[in-house]
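Model the full assembly from the supplied sequences, consistent with the hints where possible.
If you're matching them up, the sequences are chains A and B in order.
If you want the numbering used here, it's the position in the first sequence, counting the first as 1, plus 1176.
If you want the numbering used here, it's the position in the second sequence, counting the first as 1, plus 95.
To be clear, the hints were calculated from the coordinates, so they are not data collected in a lab.
Check before you lean on any hint, since a few could be wrong.
Said to hold, decoys possible - Restraint-style ranges between C-beta atoms, simulated for each label pair:
1) B:D116 <-> A:T1301: 44 to 52 Å
2) B:A263 <-> A:D1308: 49 to 57 Å
3) A:R1285 <-> B:D116: 44 to 52 Å
4) A:D1308 <-> B:S140: 41 to 49 Å
5) B:A124 <-> A:Q1402: 14 to 22 Å
6) A:E1247 <-> B:G399: 36 to 44 Å
7) B:L541 <-> A:E1272: 31 to 39 Å
8) B:L504 <-> A:K1342: 40 to 48 Å
What the hints assert, rightly or not - In silico DSS-like pairs for lysine-lysine, Cα to Cα no more than 30 Å straight-line:
9) B:K564 <-> A:K1237
10) A:K1407 <-> A:K1360
11) A:K1237 <-> A:K1360
12) B:K125 <-> A:K1342
13) A:K1342 <-> A:K1407
14) A:K1360 <-> B:K125
15) A:K1407 <-> B:K125
Beta carbons: idealized from backbone N, C-alpha and C, even for Gly.
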Amino acid sequence: MSEPRPRVALLVTCLVDLFRPSVGFAAVRLLEDAGCDVEVPAQSCCGQPAYNSGERHLAMKVARTMLDALEPYDYVVAPSGSCTGMVTRHYPALFEGTRDEERARALARRTFELTRFLVEIRGVTTTGSRFDGMVTWHDSCSCLREAGTREAPRTLLRTVEGTVLKEAGDREVCCGFGGTFAVKYPAISTAMAEDKAARLEETGADTVLSADLGCLLNIAGVLRRQGSPMKVRHVAEVLADDTAGPAIGEPDP
Amino acid sequence: MTLHRLRSERFRDSADEALSDAELQANLAKLRGNFLARRARARDSLPEFDALVDEAVGIKNHVLDHLDTYLVAFEEAVEASGGTVHWARDDAEARRVVLQICRDAGASTVTKGKTMVSEEIGLNDWLDEAGIEAVETDLGEYIVQLAGETPSHIIAPAIHKNRRQISALFNHHHKNLPDREADDLDGLLADARQMLRGRFLAADVGITGANFLIAETGQTVIVTNEGNGDLTQLLSGVHVVLAGIEKIVPTLEDASTLLRLLARSATGQDMTSYTTFSAGPRRHDDHDGPDSFHVVLVDNGRTGLLGGPNRDLLRCIRCGCCLNACPVYAKVGGHAYGSPYSGPVGAALTPSLAGLASTSHLPNASSLCGRCEEVCPMRIPLPGILRRLRNEEAERGASPPVMRTGLQLWSVIAARPWIYRVLTSLTTRLLAAMGRRRGHLPRLPLTRAWTRTRDLASPAGATFQSRWKAGERP
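Put into structure tokens, the structure is as follows:
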């Protein structure tokens, strides 16, 4: 007898929702292929911009909405290390000492970044997709240090037909996005992004992939402004075979 | 309590200047990864590194729980060995104490080993005004002193300068040296050594910092790679140790535990070339040592941290590891922070000691990437502290109004998913129509902070949620 299919809530993330819906659809497909029943409860933002800006009360208001929306599911999966980290690391801290503390802890235990969920929870070894070219991987800080995602995307990418993964230097160094930091200190943020872009380009890869759209918008922002030929995509698009559309920051064909 | 020459208010301008200084950028780029790679090797070759970290954190937490007891025990032990302990509540008291010791010794010149507390209290300027010449003897400190600057890195004060700049500086200041050496690295070293040798011999007072103060024995401990600290404290008649009160450890054994972490975290060495334990003045059968031994215990805001949420900062052993890990520091350098303490720990410590009013840029100018916390041998939760300082600023209503209003608006919308959906659905359609043809948005006034230096990818059209709600499936 087969195991029951887990009910998974997709935490779309506001950046995917607003900028790149295709990543959301790719995530749904990957989760369904991995034997999950996927639902998308009405949601907004995880509250991280307010939280990291020191606006705890605002963050808590937003986070409580998400807590209500995401609670009824077996798992919550986000195509982002950053929003995952917000739920798994920072919701428990945010709600500490409130009546919602235990709820936040329970939600944190059931919430995962997409690629890690596929590999470590669902045991996926390949998504059977095809993508021709040399790619490099950008480790977002939140994937590395909060969401526990380091090997999972690499494991999956190595099985993508036609893809060669070339690692970049300084992989543990931030790209300079940092949420509101990117617009509060744009000069520093851009300088960091330019360094990151240089490391990525040194690999000779034609596409950079990551699990976090915030980083990708920042990196794409610099690469496009510099006129670089390097393409920028979210890893879910490649894993779900959804790469027909324009890359991030590229015009419609 | 104040921090000397605090210029954190102009962080944004200083950062811009640093970013447009090509030579500084090249100097900082050389630093990139260098110390950290050595640290990683040192850590990997010591299987018990993480266990040592646990132990060290435990030692420091224990000390902070019983700081009063250990400070008094330390004082008693120092006095038992013939030394004197002075207590300084703030920078002004610390300066007065040191000046009095210098005056009592009839000093006209003092040599100095590396001490960050001296930077904190502005000792050199103060002594200078009193007609006493202070000479830095740590090579990096000596270089920044010649340049009229302050250290830009806790353990590598002149890391922002390259050989050409140092050579030019020496050429200017060492004109009178009889046999000027060449401008290569060895030559510069020989040059500085020759200059400093005379200074060591002429000094009336030697001032050092302390990496640890041992309560059990009354010893003070310094680590150096140049031996300058030893010459500073041995060759003058009077040794003054300047130290923050948090430098206390209970026992010699505890000091050893922390020493095993310090150099590994700082420079990747197992141990520094010199580790010097000082215990009181010279006894009658000692071969050398100072005639008098003073320890100035400086609070300057530290007890304020002790009972507060940022207490973990008092565990800091000033290894500089978080500076080496910080991508912001790597771009703006240490001087931009406008504080003796730069990098992540400086961004957390400066506002904690001096208040947020003039330092609020520091906790905000971070992407909270978390690399500092990852490498910190004392497990100081630096991003968490920076976030807490932001929270403190927000609660005082002191954060920038535009940002605050924006976040309030966003939060009001985001707390009501249906309003969020309707509004974002309209907005993204509009923006997509504006930008999709080119792939990125035009430079709008509202997006200026992003689009001045970067393209902003255009939304693809309707939001995911509106498409999902309309029944679209992959």
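- request: Check each numbered hint against the structure and report the violated ones by number, ascending.
  value: Failing hints: none at all.
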